[in-house]
Amino acid sequence: MTTTEQHIDEKLIPILEQVSDPEIPVLSIMDMGVVRSAVVINNIVKVEITPTYSGCPAMDVIGDDIKKALHEAGYKSEVDLILYPAWTTDWITPRGRKALEDYGIAAPLDADADKDVLLNGKRIVKCTNCGSQNTRMVSQFGSTACKAQFQCENCQEPFDYFKCLK
Amino acid sequence: MKNQNLYNYILGIADNSLILGQRMGELTGHGPSLETDIACTNISLDLFGQVRSYYQYAAKIAGDKRTEDDIAMLRKEREYVNVLLVEQPNTDFAYTIARQFLFDVYHFMFLTELQKSRDVTLSAIATKSIKEVSYHQRFSSDWIKRLGDGTEKSKSKIQNAIDSLWTYTDELFHQVEADKVMVGENIGVDVTQLKDNYYQRVNAILTEAMLEVPESKWFQKGGKEGVHTEHLGYLLSDLQYMQRAYPNMDW
Numbered sequence: 001m002t003t004t005e006q007h008i009d010e011k012l013i014p015i016l017e018q019v020s021d022p023e024i025p026v027l028s029i030m031d032m033g034v035v036r037s038a039v040v041i042n043n044i045v046k047v048e049i050t051p052t053y054s055g056c057p058a059m060d061v062i063g064d065d066i067k068k069a070l071h072e073a074g075y076k077s078e079v080d081l082i083l084y085p086a087w088t089t090d091w092i093t094p095r096g097r098k099a100l101e102d103y104g105i106a107a108p109l110d111a112d113a114d115k116d117v118l119l120n121g122k123r124i125v126k127c128t129n130c131g132s133q134n135t136r137m138v139s140q141f142g143s144t145a146c147k148a149q150f151q152c153e154n155c156q157e158p159f160d161y162f163k164c165l166k
Numbered sequence: 001m002k003n004q005n006l007y008n009y010i011l012g013i014a015d016n017s018l019i020l021g022q023r024m025g026e027l028t029g030h031g032p033s034l035e036t037d038i039a040c041t042n043i044s045l046d047l048f049g050q051v052r053s054y055y056q057y058a059a060k061i062a063g064d065k066r067t068e069d070d071i072a073m074l075r076k077e078r079e080y081v082n083v084l085l086v087e088q089p090n091t092d093f094a095y096t097i098a099r100q101f102l103f104d105v106y107h108f109m110f111l112t113e114l115q116k117s118r119d120v121t122l123s124a125i126a127t128k129s130i131k132e133v134s135y136h137q138r139f140s141s142d143w144i145k146r147l148g149d150g151t152e153k154s155k156s157k158i159q160n161a162i163d164s165l166w167t168y169t170d171e172l173f174h175q176v177e178a179d180k181v182m183v184g185e186n187i188g189v190d191v192t193q194l195k196d197n198y199y200q201r202v203n204a205i206l207t208e209a210m211l212e213v214p215e216s217k218w219f220q221k222g223g224k225e226g227v228h229t230e231h232l233g234y235l236l237s238d239l240q241y242m243q244r245a246y247p248n249m250d251w
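Listed in order, the protein sequences are those of chains A and B.
Per the UniProt record's numbering, the first sequence starts with residue 1, numbered consecutively.
Per the UniProt record's numbering, the second sequence starts with residue 1, numbered consecutively.
Chain A extracted, bound-state conformation (with noise of 0.2 Å):
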């Protein structure tokens, strides 16, 4: 139970591809790092996926979708919410990330440099419109729960920081 590894039907991957976080719509849940198993057991896929945040709004959305999407590929399936173990921003994958700052929202850092931005001040978080790291916290909390809010002091553009969760 103590496993972090994912256990993905290769065959199911190109399917779960499909689905995106409601909130964030270019990125897939793949790349989020929130299904955490998707097996063919009997004919019936069971998928495991876990919550970003616990208050998410999006996670029955995001089983719906994969219900939906395993359904028209010829599917029938099962989705579980596990909450162990936990989620963290590592999960996100590289592609993700990318998908995360094209979309205007600042990838999370590593743990150490997220405290230094978010306890200390430290302007390192580089701003997604003019890429700019002189860009200071507005607020811890952001538009959803992932998010804290920042403004870039360079070009004035408000954007979103996907907060490090670890």
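Check before you lean on any hint, since a few could be wrong.
As the list claims (entries may be wrong) - Looking from chain B toward chain A, a few residues come up when the C-beta cut is under 8 Å (computed):
1. F48
2. S53
3. I125
4. K128
5. S129
6. Y135
7. E215
8. K217
Stated by the list, open to error - Sample of chain A residues lacking proximity to chain B, with all beta carbon distances greater than 10 Å (derived):
9. V26
10. V61
11. K68
12. K76
13. E78
14. D110
15. K122
16. N129
17. C130
18. S139
What the hints assert, rightly or not - In the EDC-like style, the derived pairs of lysine to aspartate or glutamate whose C-alpha atoms are separated by at most 20 Å in a straight line are:
19. A:K122 - B:D142
20. B:K131 - A:D90
21. A:K115 - B:D142
22. A:K166 - B:E113
23. B:K131 - A:D112
24. B:K131 - A:D116
25. B:K60 - A:E78
26. A:K126 - A:E153
Since the hints were made in silico from the structure, they are not lab data.
Backbone N, C-alpha and C fix where the C-beta goes; we use that ideal spot for every residue, glycine too.
Given the coordinates of chain A, work out where chain B should sit on it, guided by the hints.
The following block gives chain B in isolation, referenced to the frame of chain A:
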């Protein structure tokens, strides 16, 4: 019910988060600034998310027709077992922050220990929740310092709120029957062991914030036994409004 003590124990944890979540949710659209409004409602959302995991587990243990929603919404005032601290109203922003701070410091310590529970579900919920609560604690501690070390007015307001709410802090370490049984089974957290550390940490932050640590040794309790302050009834009439107006409604 076979596991009545475990069921009661879970409600003891969950009700704190439900009622505090409802209090923070009241600030939706009413926060003193956009950023604090969003922060308070984010905290509320985190707490509600955690609460769902606890009530889902409680419903499973109850093993009857009750769902997580029934447990959250369909109890009477005397059946809620949250501590008195979390039901105290949003008198002003200082009260909101003081209440959150006094609870967050406890909550973080509590979840740290609950991660070691022999019960795998409780341990998993704690491991998930503590990441969120560490953000809450940062937010409220930061505001304690800002207000305490701010203007004369902000200092007097936050001092007043801390002084008023102090009387509810000792109940966090009060054990009811279910707590004692669960501690004995290595499922529950022995909160009496957290008390010294709690006051040390709270006092350190208050001191850093240039505030006085209250000296009063008179403490109020009762919430964990279902005996609440007058504020809970009003809160519940809001929380349960839809179920009271349209019994058994669903969506």
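So, going through the hints one by one against the coordinates:
For F48 (chain B), the shortest C-beta to C-beta distance to chain A is roughly 5 Å, which falls under 8 Å, so the interface hint holds. This hint holds: S53 (chain B) has a C-beta 6 Å from the nearest C-beta of chain A, less than the 8 Å allowed. Because the closest C-beta pair between I125 (chain B) and chain A is about 6 Å apart, less than 8 Å, the hint holds. For the restraint placing K128 (chain B) at the interface with chain A, the shortest Cβ-Cβ distance is roughly 4 Å, inside the 8 Å limit, so the hint holds.
Evaluation of the S129 (chain B) hint against chain A yields a held restraint, the C-beta minimum of about 6 Å falling below 8 Å. Interface hint status for Y135 (chain B): upheld, as the beta-carbon distance to the closest one in chain A is roughly 6 Å, under 8 Å. Violation of the interface hint for E215 (chain B) is found here, the shortest Cβ-Cβ separation to chain A being roughly 31 Å, above the 8 Å cut-off. Because the smallest distance between the Cβ of K217 (chain B) and any Cβ of chain A comes to about 34 Å, over 8 Å, the interface hint for this residue is violated.
Every CB of chain B lies more than 10 Å from the CB of V26 (chain A), the least distance being 22 Å, so the non-interface label holds. Every Cβ of chain B is farther than 10 Å from the Cβ of V61 (chain A); the closest lies at roughly 15 Å, confirming the non-interface assignment. At roughly 20 Å, the least C-beta separation between K68 (chain A) and chain B is larger than 10 Å, which holds for a residue marked as non-interface. K76 (chain A), annotated as away from the interface, keeps every beta carbon of chain B farther than 10 Å; the closest lies near 24 Å.
With a closest Cβ-Cβ approach of about 17 Å to chain B, E78 (chain A) is found to remain outside the 10 Å limit, as its non-interface label requires. Its beta-carbon lying about 15 Å from the closest one in chain B, D110 (chain A) satisfies the requirement of being farther than 10 Å from that chain. At the 10 Å boundary, the C-beta of K122 (chain A) stays outside the reach of chain B, the nearest C-beta of that chain being 15 Å off. Residue-level check passed: N129 (chain A) sits 20 Å from the nearest beta carbon of chain B, beyond 10 Å.
With a least CB separation of 23 Å from chain B, C130 (chain A) remains clear of the 10 Å interface cut-off, as annotated. A beta-carbon of chain B comes within 10 Å of the beta-carbon of S139 (chain A); the shortest separation is about 4 Å. At roughly 16 Å between alpha-carbon atoms, K122 (chain A) and D142 (chain B) fall within 20 Å of each other, so this suggested pair holds. The hinted pair formed by K131 (chain B) and D90 (chain A) meets the criterion: a straight-line CA distance of about 14 Å does not exceed 20 Å.
As the CA atoms of K115 (chain A) and D142 (chain B) are separated by approximately 14 Å, the hinted pair is consistent with the 20 Å bound. For the hint linking K166 (chain A) to E113 (chain B), the alpha-carbon distance of about 18 Å falls within 20 Å, and the restraint holds. Our distance criterion of 20 Å between C-alpha atoms is met by K131 (chain B) and D112 (chain A), whose separation comes to about 15 Å. The suggested pairing of K131 (chain B) with D116 (chain A) holds, with an alpha-carbon distance near 17 Å, which does not exceed 20 Å.
Between K60 (chain B) and E78 (chain A) the alpha-carbon distance is near 19 Å, which keeps this suggested pair within the 20 Å criterion. With a C-alpha separation of about 11 Å, the suggested pair K126 (chain A) and E153 (chain A) falls inside the 20 Å cut-off, and the hint holds.
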